[in-house]
Amino acid sequence: MNNGYAGQILRIDLSERQITTFPTSRYADWVGGHALSAAIFFDLTRHVLHEMQDGYHPQNVLILMTSPLTGTLVPACAGRIEVTGIGVQSHPIGWFTRGNFGGRFATMLKHAGWDGIVIEGTAATPVWLDIRDQRVTLRECQELSLWGQDAWDSQLTIWDYVAGKQHYGRWIDPGGRVHGRTTQRPAVVTIGPSGENVCRTACLIHDASNASGQGGFGAIFGLKRLKAISVIGTGGVAVHDPRALLEARLWLKEKYSFRLSDLKSTDIELAVASPPVPGVLYGNWLAKGPGDSFGDRPTEGQRPQACVGCHAGCRARYESGLGNEAGCVETMLCPDADSLEVQRRATDLLNRYALNAWEMVFTLNYIRNLNKAGQLGPGCVIDSPLDFSDYGSLAFVERLLHMAGTKCLPDGTPDPFAEALSEGAYRAAARWGRLEGDLRSGELPYAHWGIPMHFDPRTELEWGYGTILGDRDINEHDFQNVWAKASFADWRGREPDVPAADAVRIVRSKMPPFDDDPRILDYGDHNMYTAHMAKLVAWHRYYTRFWKLTVQFCDWRWPDFINIYASDKTGCTGLAEPRFYNAVTGQNLSYSQSIELGRRIWNLDHAIWTLQGRHRDHVRFADYIYDVPAASANGYRELFPVFEDGQWRYQTRFGRRLDRDGVENFKTEFYRLQGWNEATGYPKRDTLEELEMPEVADELGRHGRLG
Amino acid sequence: MTELTEPDLALAARLLADVPHHQRLVAHRKRQRWGSIPAYLYSFGEVVRLLQDKQPALSWPALEHWLRHALRDVELADRVAEIMAQVSCEQGKTMQIRVLLERRLSQCRALAPS
Ligand code: SF4
Numbered sequence: 000m001n002n003g004y005a006g007q008i009l010r011i012d013l014s015e016r017q018i019t020t021f022p023t024s025r026y027a028d029w030v031g032g033h034a035l036s037a038a039i040f041f042d043l044t045r046h047v048l049h050e051m052q053d054g055y056h057p058q059n060v061l062i063l064m065t066s067p068l069t070g071t072l073v074p075a076c077a078g079r080i081e082v083t084g085i086g087v088q089s090h091p092i093g094w095f096t097r098g099n100f101g102g103r104f105a106t107m108l109k110h111a112g113w114d115g116i117v118i119e120g121t122a123a124t125p126v127w128l129d130i131r132d133q134r135v136t137l138r139e140c141q142e143l144s145l146w147g148q149d150a151w152d153s154q155l156t157i158w159d160y161v162a163g164k165q166h167y168g169r170w171i172d173p174g175g176r177v178h179g180r181t182t183q184r185p186a187v188v189t190i191g192p193s194g195e196n197v198c199r200t201a202c203l204i205h206d207a208s209n210a211s212g213q214g215g216f217g218a219i220f221g222l223k224r225l226k227a228i229s230v231i232g233t234g235g236v237a238v239h240d241p242r243a244l245l246e247a248r249l250w251l252k253e254k255y256s257f258r259l260s261d262l263k264s265t266d267i268e269l270a271v272a273s274p275p276v277p278g279v280l281y282g283n284w285l286a287k288g289p290g291d292s293f294g295d296r297p298t299e300g301q302r303p304q305a306c307v308g309c310h311a312g313c314r315a316r317y318e319s320g321l322g323n324e325a326g327c328v329e330t331m332l333c334p335d336a337d338s339l340e341v342q343r344r345a346t347d348l349l350n351r352y353a354l355n356a357w358e359m360v361f362t363l364n365y366i367r368n369l370n371k372a373g374q375l376g377p378g379c380v381i382d383s384p385l386d387f388s389d390y391g392s393l394a395f396v397e398r399l400l401h402m403a404g405t406k407c408l409p410d411g412t413p414d415p416f417a418e419a420l421s422e423g424a425y426r427a428a429a430r431w432g433r434l435e436g437d438l439r440s441g442e443l444p445y446a447h448w449g450i451p452m453h454f455d456p457r458t459e460l461e462w463g464y465g466t467i468l469g470d471r472d473i474n475e476h477d478f479q480n481v482w483a484k485a486s487f488a489d490w491r492g493r494e495p496d497v498p499a500a501d502a503v504r505i506v507r508s509k510m511p512p513f514d515d516d517p518r519i520l521d522y523g524d525h526n527m528y529t530a531h532m533a534k535l536v537a538w539h540r541y542y543t544r545f546w547k548l549t550v551q552f553c554d555w556r557w558p559d560f561i562n563i564y565a566s567d568k569t570g571c572t573g574l575a576e577p578r579f580y581n582a583v584t585g586q587n588l589s590y591s592q593s594i595e596l597g598r599r600i601w602n603l604d605h606a607i608w609t610l611q612g613r614h615r616d617h618v619r620f621a622d623y624i625y626d627v628p629a630a631s632a633n634g635y636r637e638l639f640p641v642f643e644d645g646q647w648r649y650q651t652r653f654g655r656r657l658d659r660d661g662v663e664n665f666k667t668e669f670y671r672l673q674g675w676n677e678a679t680g681y682p683k684r685d686t687l688e689e690l691e692m693p694e695v696a697d698e699l700g701r702h703g704r705l706g
Numbered sequence: 000m001t002e003l004t005e006p007d008l009a010l011a012a013r014l015l016a017d018v019p020h021h022q023r024l025v026a027h028r029k030r031q032r033w034g035s036i037p038a039y040l041y042s043f044g045e046v047v048r049l050l051q052d053k054q055p056a057l058s059w060p061a062l063e064h065w066l067r068h069a070l071r072d073v074e075l076a077d078r079v080a081e082i083m084a085q086v087s088c089e090q091g092k093t094m095q096i097r098v099l100l101e102r103r104l105s106q107c108r109a110l111a112p113s
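Residue numbers (numbering that gives the first Met the number 0), protein chains in the order written: chain A, 0 to 706; chain B, 0 to 113.
The hints are simulated quantities; they were obtained by calculation from the structure and are not laboratory data. Quantities reported herein were computed from a predicted structural model and do not represent experimental measurements. One or more of the hints may lead you astray.
Using 30 Å as the maximum straight-line C-alpha spacing, the simulated DSBU-like pairs for lysine-lysine come out as follows [unchecked claim]:
1) A:263 <-> A:683
2) A:263 <-> B:92
3) A:683 <-> A:254
4) B:53 <-> A:568
5) A:263 <-> B:53
6) A:252 <-> B:92
7) A:252 <-> A:683
8) B:53 <-> B:92
9) A:252 <-> A:263
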């Protein structure tokens, strides 16, 4: 097929040790990635969804799915894969949720001839999946002593087993295709000790630091006794119109990319913030030299590293071999560490244990505060063996991560405090009887679903609303990236490159079908709970559901709303995504149609959550979001567009809190816009039938959950 | 920038010690893509380290108050207040306050190297 698809999906039943396949075309309507996974998930679990309150349910299904653009030249898109299933992180219900990771795995899977993998059941003994082109084998972990290895050692063990120990550059015949050869090592996604020990904070790791972090999918792998999936492929991906694809990539470079000879800003992050972005240009403006760089990528002895096909190279490999490929919050576990080396070793340890970095950063903050308050420590109300006297040292980090990732003390003794850590701070607080009080004060900054706050819902409205209406911290920086450009300018004491009125005009023009609403991007206090705000949140759900979660455009580079290299500073979003998509698939998808497909996917997800038990009353923030004002700060200040006195301006929103009745009003507006029941939040049959999902309406009807 | 007077041993000891929980400063480390990570600061050294971050976010009035009342370093608090009043750009303020606090930290460490 010359349309980007491999054409078949693997189905692995771990309980029966059965490997079957089905054609991707069965789900042709659902494109790939998240949408395709959600549709398969619904089909496989619809009869038990109403009792799936947590990812530990034995009939939970985990799905890894590529998109038709995977393995092609589409920039900041081709190397990513979606992970979907019921999670174990969110609270009170483990929602149907998702993660995503980059690197080589997605491309290798396509090269082996598979669009995705569906994993069901539980193995009797620990196994790993060995995919070599069309030859797919479930192997016992025992033969390689794989169970018990950390997330890096297990990958090295599998590399040696599948590809031998020869040097890079030598041909490998993995043996799954006639005349198939490659110089690559297999791509392996694996769990570490935390997954094996079924910790809710466990994630999946691939290569050095590609992680599917949220959801606790590492624990699901562990529970299913699936240690790793290895894939090596020697094929390729056939695209519909290779010339059109290359032309699109050259067009992007010509019209929307930086030129070193003509940087448009003295601020390097602004100057290169439009795709493509070479990570090597990132640096710490305050760093005076090695050892003095905190919280940012060291600028010495590095080269950029990228997911397959990506021009951005947003991460790095270092000559020291420490902290490789880490480019996000995993570098921030120990900003107070004794040295940069400790910070980078801490990052590596997080990867080896395969722990959710965002969760561990917040957990460490929380328990340190309790320790400082005299509440946690040896003999304290929360009796903890964790010694804080060497906080900031590598030894401290090692003890912390060992306990969180194994539920045991360093000597191997099971320990209740370590067990609490392995659940994450939210559930630990509940065990310690502190949850309600600490959520009220904000001492436990977990704003929604038992998940740490990322951007503050009191100021970054679309982020907070998107999260409570969904299943996880959305981690979608679309609008945040635009307002951040103004925040950077403010930080530097300069005027923004694009004034607020122009930025709002440009961004709004890319938001069909709501591009006619002049107030959709107003973050002012007067617009927090309105129908305009509901449209902003809805559009964001639709765009990301389709282009990021389903087609796999990388959140770190897309969308391109404002671009200082474009002649009128209007970025390529709306033009670029369909152009790449159509070149690969041979379809003729318009931008507006893509947003409508996003609405369909969003409605399917919402129906699944409803079947799991979601009701309007669940959809709320933690108390501190309503009761405690957002912290005011100097230094770097986040700005937002606000329409006041007939003018658009960038303003901070410090000191703001949300109003409970106001949020209820927002929910009513949002449900009305969606065509859901305003009292319950349940989807209506008419809405689902309009979206061509009558079978979903039937299932909801069977369980009394149609609106 | 005029040099800071040498701190006495008592002041140096206060600046090098941790403050109790109720006197901690709450700040943030900000990134365009990471978002906002709370930083709970229990010592003068931790404040300096925060200011060495790429994009720190900390209330200057809170810092000045903390220096004046929690650490009782009146001279340093006055100098921070001067910078707050004189420098308009936030990055410039951050850099100047950072340099000032780094100097004070070096003075204290030289006095009480342990
Ligand atoms: S921007 Fe970074 S994370 Fe995203 S695809 Fe490119 S290299 Fe991967």
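Do the hints match the structure? See the list:
no.	hint	verdict
1	A:263 <-> A:683	50 Å, violated
2	A:263 <-> B:92	25 Å, holds
3	A:683 <-> A:254	44 Å, violated
4	B:53 <-> A:568	27 Å, holds
5	A:263 <-> B:53	21 Å, holds
6	A:252 <-> B:92	37 Å, violated
7	A:252 <-> A:683	45 Å, violated
8	B:53 <-> B:92	14 Å, holds
9	A:252 <-> A:263	15 Å, holds
In summary, the structure is inconsistent with hints 1, 3, 6, 7 from the numbered list given earlier, while agreeing with the others.
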